[in-house]
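Since each chain sits alone in its own frame, please combine them into the complex, following the hints.
So you can see what is in the structure, the chains are spelled out below.
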Amino acid sequence: MAWYQTEIFWVIVKVAVILFVILTGGAYYTLAERRWAAFFQMRLGPNRAGFWGLLQPLADGIKFILKMETFPRNADLFLFMLAPVISTVTSLMLWGAIPFTPIIELPEAAQKITGSKSFILQVSNPNAGVLYMFAVSSLAVYGILIAGWSSNNKYSLLASVRATAQMISYELSLGLSIIPIILMTGSLDLYTIIETQKNSWFLFTLPGFLAFWIFLVSIFAESNRMPFDLAEAESELIVGYHTEYGGFKFAFFMISEYMNLITLSLLAAILFLGGWTLPDFISSAISNVWLQHAAGIGLFLLKAFFFVFLFVWVRWSVPRFRYDQLMDIGWKVMLPASLVIVFIAGIYVYLK
Amino acid sequence: MNIPEILFYSFTFILVGSAFGVVFHRNPVKSAMFLVLFFVGLAAMYALLGAEFMATLQVLVYVGAIMVLFLFVIMLITVRDEALLNMSSNAGRTVIITVLVLAFSLQFWVLLGGFMKAKGEHVVNGAAPYSTEVMNYTTGEKLLITGNAEVISYALFEKYLLPFELISLVLLVAVLGGILLTKHKRETLQ
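Taken in order, these protein sequences are the chains called A and B.
1 is the number of the first residue of the first sequence in my numbering; add one for each residue after it.
353 is the number of the first residue of the second sequence in my numbering; add one for each residue after it.
Heads up, some of the hints might be wrong.
What the hints assert, rightly or not - Computed cross-link-like contacts, SDA-like style, restricted to lysine to any residue with a CA-CA straight-line distance of at most 25 Å: (1) A:Lys332 / B:Ser520; (2) A:Lys198 / A:Gly186; (3) A:Lys154 / B:Lys382; (4) A:Lys14 / B:Ile355; (5) B:Lys382 / A:Met81; (6) A:Lys332 / B:Ala417; (7) A:Lys154 / B:Phe386; (8) A:Lys154 / B:Phe422; (9) A:Lys14 / A:Leu301; (10) A:Lys154 / A:Ala75; (11) A:Lys14 / A:Glu105; (12) A:Lys67 / A:Leu55; (13) A:Lys332 / B:Ala526; (14) A:Lys67 / A:Gly45; (15) A:Lys63 / A:Ala37; (16) B:Lys535 / A:Met327; (17) A:Lys332 / B:Gly530; (18) A:Lys352 / A:Leu183; (19) A:Lys154 / B:Ala417; (20) A:Lys154 / B:Val381; (21) A:Lys332 / B:Thr534; (22) A:Lys332 / B:Leu532; (23) B:Lys382 / A:Phe80; (24) A:Lys154 / B:Ala384; (25) A:Lys352 / B:Ala501; (26) A:Lys67 / A:Asn153; (27) A:Lys332 / B:Lys535; (28) A:Lys14 / B:Ala396; (29) B:Lys382 / B:Thr450; (30) A:Lys14 / A:Glu195; (31) A:Lys352 / A:Met184; (32) A:Lys198 / A:Ser287.
To be verified - Chain B is nowhere near these chain A residues, computed Cβ spacing over 12 Å in every case: (33) Ala32; (34) Gln41; (35) Ala49; (36) Lys112; (37) Leu203; (38) Leu216; (39) Phe253; (40) Trp313.
Hint data in this document are derived by calculation from the structure and do not stem from the laboratory.
Yeah, the Cβ is synthetic: ideal placement off N, Cα and C, and Gly gets one too.
The shape of chain B in the complex, shown without the other chains (with noise of 0.2 Å):
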């Protein structure tokens, strides 16, 4: 049992808690609070595994500009608070709430028992480092490189580099197709 362990379980709870109050939550705000959390959570996993890159980005994308327009909208539109109205939810979340803890503590309880006395495999211990071989096309020789944005890149840009420009067109696609539609609502309106 040591500090990565710890952090990998009680992020496995925050995740698994939150993916849950995502879906049971009745106020829709909250709910998306909850996939905040999630999305921070899934961050902080990343990190743990060493994907430091990773981890930055899915917080700087998902929570920083896809959650906050999730959140605009819900904000924006009326929201009934259904809690209020039904006592069977509560009852819900109790139950909820308490299997997860008791499971978190069972799981503790069974890794400080010492039941993981033999080294597991799968334990997050010190993540693969991460690294790729590249040719450098000027020079002609082959280079090691390691660091999180600098494989990312590399495979983006060398290996991957027609499927990610396609992939940028669509999305281009996308946001024109975005624009015409709500273009074309507001010239009818008028």
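Just chain A, with the same shape it has in the complex (with noise of 0.2 Å):
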């Protein structure tokens, strides 16, 4: 057997491509939110590195770059460095589960250089997939924590704290919002989640439906997105836990921002949307094998930039909540109303 045909090999390949993807596609979901803000206030936005702008990202890059290292004074340094770390690894790690295709038969010719018989675009397929994303985007807390407490800066602290406990309690509203989907698949698998959605989109599910919008309400909470981003309300606290942070340090920040953000994206997509599944009567229209699997994973990524987009579309059409106003909604509203759905679930799936 050929080093290239290795499975481990074959498994460095997919994490370099989804590495490559993650971090372009955070990069440029910078310029997309500048734009479309811009456009959401009839301005241009930043159009002029490159056609478009879509040099910006690059532009942005080498400045931060650039930009001269400060560390605040008695600041704890090596959690000060950790703090961002965290924050993208955790972002970073994410991707490793989701099946961006379907399992595809190769042909002959491929199957003989790379000595497998199918491919997927999924570097591990963790026994529980569903309870792996929700784990690793726990740890995301700490970066938060972190970056907070070591800068030595009140206004960060308190920012942490407020970003931290606002992610906790909407953790368990979003944990319970998936929890008809697992209940309705009978596995935590997220590829057995999304083939369970072929002909019906569990959107379109009663129980689905009303967990759709828990789902979304609590995914805006989680990634700190605008009705809720009071981690960085300006007129209270500087710019929130990231306040002491500048350079690259504050792009990796930024950037896994943004990349959690694609990473919601596709998971509701994957959830609720039926991700890469075509129904019957558009897979029997085509004939060919290839084109299903591209039409399939183009309405994939269709569907999750539609919800990329709506990240930015509310977030410049919607003020802020009070911070009272948000854990009251939490924690009196969003988690009762998950529990009630929950149930319902249940017995939806009885009686069927």
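Below, the structure written as structure tokens:
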């Protein structure tokens, strides 16, 4: 067996491809956000670097690298440097479990070269894929918490405490909102969840429809986005937990936030909108298998893109909540509602 | 010497090291961070044993929720950094790290030297498959289920349903008690 036929080689290739895609995606999401924000406000936005401003992320990156490294006095340097690393690594790790493609049967020629019969763009398939996603994303809290504490700045600490309290409060309703999906699928595996939705998305079932709204609100709160971005309330807290960070350390926080948004969009498309599955009437209309796969994956990316746009859309249309309102919504509305939805889902699955 | 063994001993090193860190570090926040590292290492150990479900839950519950609350409390109270006051703590740290590194390299060297050529039974190689036999109540036939989540849920909701529900009741009482205690204090303050 040649070296390029081993499994580990292909895993490394997949990791390289996914790392490239996620980092570029995160960088270009910042550009998209700025452009769209500009359009919402009747401006043009960054359009000088390259055609349509397409080189802007690159220019930003160069600028971040060339900036002087500054460290606050009396800061805990080790934890100060560790915080952006934790944020970035956790958001990179999340993409390891996402199945981007269905299992594709390779043609004869490709089988001979690669030595494997099928291909799937998913680095590893953990036994409990959904739980893996939640476990890893719950680690992201540490990046924020440590960043706030180690900067030795009262505003940073307050912001990080706010952000963390918000994230662990909404993690509850986020976790509960996917239980209807798990109940209807009977599996924690992301691949099985997608395949179950072949002919009906979970959005179009009663418990799935109810849970979707809880999920949607929770991911906005979980990613500290606009209606809930109290961690970055400028009028109260400067810019939040990364006030003391500059240069590429700040870029790490920024890019990990955008990567998290993309991950959540993909997750929403997988859990509620059927991922890359095509309903039977479409897949029977397309005769070529490769075209079917292409259509499915294209649709999957399109669904995810809708959520990517939704994040920006909401950010520039909805004002910010007050912090006590945020906590009230989380604990007094979302949590009981999601418990009721779990109950409804139980009845639904039992009757079916 | 294969990859699981190397991983096992590396994780052991991390686990023991971070456990020492929890106990001996002078800064409570760093101590708590060592505890986080310990829990993550423990999760890795579970995963190595084939109990992926336990590993994920370990991270989700202990690291994602419980330790965050610990850190919350520690960060909000003023922390005096005693490491600066006491020079001997540095010496202690050095001793611990040296001993750990020595022990680790010794272990590694022993393993590499082929002392373990007679295959040991305890090694984590290829963990036992988790499976259990259950009865399907509607059809009456016996099924063999594999997979972590399934086995655990059958154990919890079939075999030990009563103790499980009782434990959840105890937890509920504890939650209510916690709320009652804080509520009471707040009223007296007003």
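(request) Quickly compare the C-alpha distance for Lys332 (chain A) and Gly530 (chain B) to 25 Å and report which way the hint goes. (result) holds, 18 Å
(message) Just to be careful, I want the Cα atoms of Lys14 (chain A) and Ile355 (chain B) compared with a cutoff of 25 Å; is the pair within it?
(response) The hint holds at about 21 Å.
(message) If I take the minimum Cβ distance from Phe253 (chain A) to any residue of chain B, is it greater than 12 Å?
(response) holds, 18 Å
(request) Hey, is Lys112 (chain A) genuinely clear of chain B, shortest beta carbon separation above 12 Å? (result) It holds; Lys112 (chain A) is separated from chain B by about 28 Å at its closest Cβ, greater than 12 Å.
(message) Run the distance test for Lys14 (chain A) versus Glu105 (chain A): straight-line Cα separation, threshold 25 Å.
(response) holds, 17 Å
(message) Check the hint pairing Lys198 (chain A) with Ser287 (chain A) against an upper bound of 25 Å on the C-alpha distance.
(response) Judged against 25 Å, a Cα distance of about 17 Å means the pair holds.
(message) What's the verdict on Lys154 (chain A) and Phe386 (chain B), does the C-alpha distance respect the 25 Å limit or exceed it?
(response) Given that 25 Å is the threshold and the Cα spacing comes to 24 Å, the pair holds.
(request) For the pair supplied as a hint, Lys332 (chain A) and Ser520 (chain B), confirm whether the alpha-carbon distance does not exceed 25 Å. (result) Between Lys332 (chain A) and Ser520 (chain B) the Cα gap is close to 21 Å, so the pair holds against 25 Å.
(request) Below or equal to 25 Å on CA atoms is what counts here, so check Lys332 (chain A) against Lys535 (chain B). (result) Distance of about 16 Å is within 25 Å: holds.
(message) Tell me if the straight-line CA distance from Lys198 (chain A) to Gly186 (chain A) falls inside 25 Å.
(response) Holds, because 15 Å separates the two Cα atoms, which is no more than 25 Å.
(message) So if I understand the rule, the pair passes when the alpha-carbon distance is 25 Å or less; does Lys382 (chain B) with Phe80 (chain A) pass?
(response) holds, 12 Å
(request) Below or equal to 25 Å on CA atoms is what counts here, so check Lys14 (chain A) against Ala396 (chain B). (result) holds, 22 Å
In terms of the numbered hints stated before, the structure departs from none.
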